[in-house]
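J.: Here are the chains, one letter per residue:
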Amino acid sequence: MIQETKIGLARLGKIDPENINDAIALGAYDGLKIALSLNPDEILVRYESSGLRGRGGAGFPTGLKQKFTSQSCAECQKYVVCNADEGEPGTFKDRTIMQNDPHLLIEGMLIAAYTIGASKGFIYIRGEYNLSIHRIRKAIADASSNGFLGSNILGSDFSFELELRLGAGSYLCGEELTLLESLEGKRGYPRIKPPFPAEKGLWGNPTLINNVETFVQLPAILINGLDWYTALGTSESKGTKIFTISGRVNRPGFYEVEMGTTLRQLIEVLAGGMKDGYSFAGALLGGAAGTFVDASLLDTPMAYETLKAIGATMGSGAIIVLDNTTDKIDFLQNILEFFKHESCGKCVPCRIGTTLLSEMASQLKTNPEILQKMIDEASYMARTSLCPLGQSPVLPLKSFERYFATAITNV
Amino acid sequence: MNEKENQSELLNHLHELQNSHPQQYITEEALNQTTQKFGLTKAEVYGVVSYYSMFSLKPRGKYIIRICQSPVCHLMGSQSLTEFLKQKLGVAVGETTNDGIFTIEHTECLGQCGKAPSMMVNKDVFTELSIDKLETLIEKLKTEAK
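Just so you know, the protein sequences line up as chains S and A, in that order. Under this note's numbering, the first sequence has 186 at position 186, and the numbering climbs by one with no breaks. Every position in the second sequence, counted from 1, becomes a number in this note's numbering once 1000 is added.
Note that these hints are calculated values from the structure, not bench results. Be aware that one or more of the hints could be misleading.
[Claimed, not checked] Distance ranges between label pairs, derived from CB positions:
| no. | chain 1 | residue 1 | chain 2 | residue 2 | range |
| --- | --- | --- | --- | --- | --- |
| 1 | S | Asp299 | A | Gly1039 | 54 to 64 Å |
| 2 | S | Met1 | A | Leu1031 | 35 to 45 Å |
| 3 | A | Lys1088 | S | Leu26 | 14 to 24 Å |
| 4 | A | Asn1122 | S | Gly147 | 30 to 40 Å |
[Unchecked claim] Under the rule of at most 27 Å between Cα atoms (straight-line distance), these lysine-lysine pairs were calculated in the DSS-like manner:
| no. | chain 1 | residue 1 | chain 2 | residue 2 |
| --- | --- | --- | --- | --- |
| 5 | A | Lys1115 | A | Lys1086 |
| 6 | S | Lys328 | A | Lys1042 |
| 7 | A | Lys1004 | A | Lys1042 |
| 8 | A | Lys1146 | A | Lys1062 |
| 9 | S | Lys346 | A | Lys1115 |
| 10 | A | Lys1140 | S | Lys138 |
| 11 | S | Lys200 | A | Lys1004 |
| 12 | S | Lys340 | A | Lys1146 |
| 13 | S | Lys120 | A | Lys1037 |
| 14 | A | Lys1004 | A | Lys1062 |
| 15 | S | Lys186 | A | Lys1123 |
| 16 | S | Lys340 | A | Lys1037 |
| 17 | A | Lys1115 | A | Lys1146 |
| 18 | S | Lys138 | A | Lys1042 |
| 19 | S | Lys67 | A | Lys1004 |
Note that the structure is a prediction, hence the values are computed from the model and not measured. In this text, a Cβ means the ideal position worked out from N, Cα and C, and glycines have one as well.
When you get a sec, could you build the whole thing from the sequences and use the hints?
T.: In structure tokens:
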């Protein structure tokens, strides 16, 4: 029987999220205390050895990112930025963390800042996430008055200021370089990379930018140790992951499990299987910028390496379950319209391509051959667009062709 | 904070200006005041305001209804909710009712996918929506607006 293993959601439901004393009584900031007793270089080694990879979607090794940022300059101002601009359709893990345990996020950011030598940080959060905004704001104020933020934290030489910044309804700002542009108070246009944020981020300074879920894995690694952490998950995917399951299943919602849990365990056991009268007809993993799978992949472990081997992505951890009543072509069209709406227009292939794709999708039912043209167009966009938005439509399109080609020919 | 870091407060500031206006938009005056406060040109501020979908340069209703149209809500039937609202209120998406009470907008994923379909009315989130629920809510808001 599969069970949840909780790191990011360990205190969920056990504390009043707006009461710092509740969180402290259950271990909040214990990881920070351990960090402050260690040399930053020693912590860097631990995070590198932990195998933790970024939970925002790309899966880049977290320790390596910390090391690059830490080593990019000795004396200059460095920043730590939390990407809380959760907007990938089907994803609500960051909201769940922030609403239920905001201090865990602050603690994770503090440890990261101490590790890389940053004195200032920002949380960039979706403007629509009102409850999370309220709770994070209160948590920052409470952490400050309890000596966890500000100057000489807990009597150490380490000082860190943390501020909250709101997004305003742009999916693209969830992309890290675009997020930094927006955080600087500008239009959300992607930047050319390299340079990566570790080298030139906020206002040209070295910046460590991680997803909410990545930061909240940090304290437990110091508290429980590397042996404990590396025993969780698979060979190349360590720790836990929060999957958010939606669609016509009995218990849609969020589930934090060890990496390597199968889709079948998540959907059939944790989410309670399909609702009466509905049958499983595939899923979209990782949101709009994700990949479709069918029933043949139900027993594939949800880990970076196993999904990559079959051309699928874990992405944000969204699992959107399709059922026997889902009009798959209509669903695909919705995704392509989404990209069209969210394209910022900076790169011509993306601006024109996303419009073309959504128009071509409307012809799919009468002209199934057009799918191949759409894939060609999306591949061209992927090669010629600056940021992940223009590079993404090819993912759902190719996997749609692989698993659901009969959905088109059988119309 | 240095001058550069100050500009990072621009979006927060615009949210505040918009939230404090009864018609929930950025007025010409607010735009001018913002350019002064941040030492930016009007074009720069206008550029920012017009980029982000949560900001509006034209007056909106007392209640902004933002219906999620992203894949999960779409899968769970949000389209029929939009159609119902348009008919019930007699305006298209992006428009405000003549009495100035409601504006209908579309929004991308609100992260409420476990309880789809969902929407927001101003700062409040409503989930597991049905046409009946919407009907009741609209009537309630109409009464409260008077």
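J.: Compare the structure with each hint and give your call.
T.: Hints versus structure:
1. S:Asp299 <-> A:Gly1039: 54 to 64 Å: holds (59 Å)
2. S:Met1 <-> A:Leu1031: 35 to 45 Å: violated (59 Å)
3. A:Lys1088 <-> S:Leu26: 14 to 24 Å: Roughly 47 Å apart at Cβ, these two residues miss the hinted range, so it is violated.
4. A:Asn1122 <-> S:Gly147: 30 to 40 Å: Taking Cβ atoms as reference, A:Asn1122 and S:Gly147 lie about 36 Å apart, which means the hint holds.
5. A:Lys1115 <-> A:Lys1086: Measuring from Cα to Cα gives roughly 22 Å; hence the hint holds.
6. S:Lys328 <-> A:Lys1042: violated (45 Å)
7. A:Lys1004 <-> A:Lys1042: Holds, at roughly 17 Å.
8. A:Lys1146 <-> A:Lys1062: This hinted pair holds, its Cα atoms lying about 11 Å apart.
9. S:Lys346 <-> A:Lys1115: violated (35 Å)
10. A:Lys1140 <-> S:Lys138: violated (31 Å)
11. S:Lys200 <-> A:Lys1004: Given pair S:Lys200, A:Lys1004 holds - Cα atoms ~15 Å apart, limit 27 Å.
12. S:Lys340 <-> A:Lys1146: Judged against 27 Å, a Cα distance of about 39 Å means the pair is violated.
13. S:Lys120 <-> A:Lys1037: holds (23 Å)
14. A:Lys1004 <-> A:Lys1062: Given that 27 Å is the threshold and the Cα spacing comes to 35 Å, the pair is violated.
15. S:Lys186 <-> A:Lys1123: Given pair S:Lys186, A:Lys1123 holds - Cα atoms ~24 Å apart, limit 27 Å.
16. S:Lys340 <-> A:Lys1037: It is violated: about 34 Å lies between the C-alpha atoms, which goes past 27 Å.
17. A:Lys1115 <-> A:Lys1146: violated (31 Å)
18. S:Lys138 <-> A:Lys1042: violated (33 Å)
19. S:Lys67 <-> A:Lys1004: holds (26 Å)
The structure fails hints 2, 3, 6, 9, 10, 12, 14, 16, 17 and 18 (numbered hints given earlier, in ascending order).
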